[in-house]
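J.: Letter 52 of the sequence shown, counting from 1, is numbered 52 in the working numbering, and no numbers are missing.
Since the hints were made in silico from the structure, they are not lab data.
One thing to keep in mind: the hints can contain errors.
With a cut-off of at most 30 angstroms between alpha-carbon atoms, the simulated DSBU-like pairs for lysine-lysine come out as follows [said to hold, decoys possible]:
| no. | residue 1 | residue 2 |
| --- | --- | --- |
| 1 | K35 | K74 |
| 2 | K74 | K150 |
| 3 | K35 | K150 |
Label pairs and their in silico Cβ distance ranges [claimed, not checked]:
| no. | residue 1 | residue 2 | range |
| --- | --- | --- | --- |
| 4 | G63 | A104 | 26 to 32 angstroms |
| 5 | P118 | R141 | 14 to 20 angstroms |
| 6 | S114 | M48 | 41 to 47 angstroms |
| 7 | P49 | N137 | 41 to 47 angstroms |
| 8 | V65 | D140 | 37 to 43 angstroms |
| 9 | P118 | I40 | 29 to 35 angstroms |
| 10 | L52 | Q117 | 27 to 33 angstroms |
| 11 | P121 | L52 | 24 to 30 angstroms |
| 12 | V108 | V80 | 45 to 51 angstroms |
| 13 | H47 | R141 | 30 to 36 angstroms |
| 14 | D149 | D113 | 17 to 23 angstroms |
| 15 | V33 | L142 | 34 to 40 angstroms |
Glycine residues also receive a C-beta, built at the ideal position from the N, C-alpha and C atoms.
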Amino acid sequence: MSNELMVKSDESKGELNQLVSFNLGDEEFGIEVLKVREIIRMTAITHMPNTLHYVEGIINLRGRVIPIISMRRKFGLPEVANNSQTRIIVVDVDGDLTGFIVDAVSEVIRISDSEIQPPPPVVSGGIDQECITGVINRTDRLLVLLSLDKMFSPGETQLFGGM
Numbered sequence: 001m002s003n004e005l006m007v008k009s010d011e012s013k014g015e016l017n018q019l020v021s022f023n024l025g026d027e028e029f030g031i032e033v034l035k036v037r038e039i040i041r042m043t044a045i046t047h048m049p050n051t052l053h054y055v056e057g058i059i060n061l062r063g064r065v066i067p068i069i070s071m072r073r074k075f076g077l078p079e080v081a082n083n084s085q086t087r088i089i090v091v092d093v094d095g096d097l098t099g100f101i102v103d104a105v106s107e108v109i110r111i112s113d114s115e116i117q118p119p120p121p122v123v124s125g126g127i128d129q130e131c132i133t134g135v136i137n138r139t140d141r142l143l144v145l146l147s148l149d150k151m152f153s154p155g156e157t158q159l160f161g162g163m
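When you get a sec, could you build the whole thing from the sequences and use the hints?
T.: Here is the structure:
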């Protein structure tokens, strides 16, 4: 598969949303493309002592120090070794840049509002699940739509800003 992102369109009615889809294991997730600043290959990460369990560390990105979050740890998934498909998605979260380690970035997709279904109540009730804003039924799989702004508490976001 090419490292370039492919754009697919959908002609259904409703306002179109552009999402970057990425994988963690066998699951596919999507985030708003407008939040994504860039997607980079894995790089050396400086580990920080006494941080939250899912904070991998920090990197220097063109003179800016940004925190790096392991999405696998954040979601309680087992660790796997990084490979040639592993990427860091650099995202604007509440005005600060944060990097998220994902197994692979799939594509940029366009979906209409009508395709987004609310998450089932059983998964949207917990504090940690507030970041799940919807589910999109793709032909052969489900894509979980995330809001990274809701993924962290205000205290956690402040910690990242302090890094």
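J.: If a hint holds in the structure, say so; if it does not, say that too.
T.: Quick rundown of the hints versus the structure:
no. : hint                               : result
1   : K35 with K74                       : 19 angstroms, holds
2   : K74 with K150                      : 13 angstroms, holds
3   : K35 with K150                      : 13 angstroms, holds
4   : G63 with A104: 26 to 32 angstroms  : 28 angstroms, holds
5   : P118 with R141: 14 to 20 angstroms : 18 angstroms, holds
6   : S114 with M48: 41 to 47 angstroms  : 43 angstroms, holds
7   : P49 with N137: 41 to 47 angstroms  : 43 angstroms, holds
8   : V65 with D140: 37 to 43 angstroms  : 40 angstroms, holds
9   : P118 with I40: 29 to 35 angstroms  : 33 angstroms, holds
10  : L52 with Q117: 27 to 33 angstroms  : 31 angstroms, holds
11  : P121 with L52: 24 to 30 angstroms  : 28 angstroms, holds
12  : V108 with V80: 45 to 51 angstroms  : 24 angstroms, violated
13  : H47 with R141: 30 to 36 angstroms  : 34 angstroms, holds
14  : D149 with D113: 17 to 23 angstroms : 19 angstroms, holds
15  : V33 with L142: 34 to 40 angstroms  : 19 angstroms, violated
Hint compliance for this structure: hints 12, 15 are broken, all remaining hints hold.
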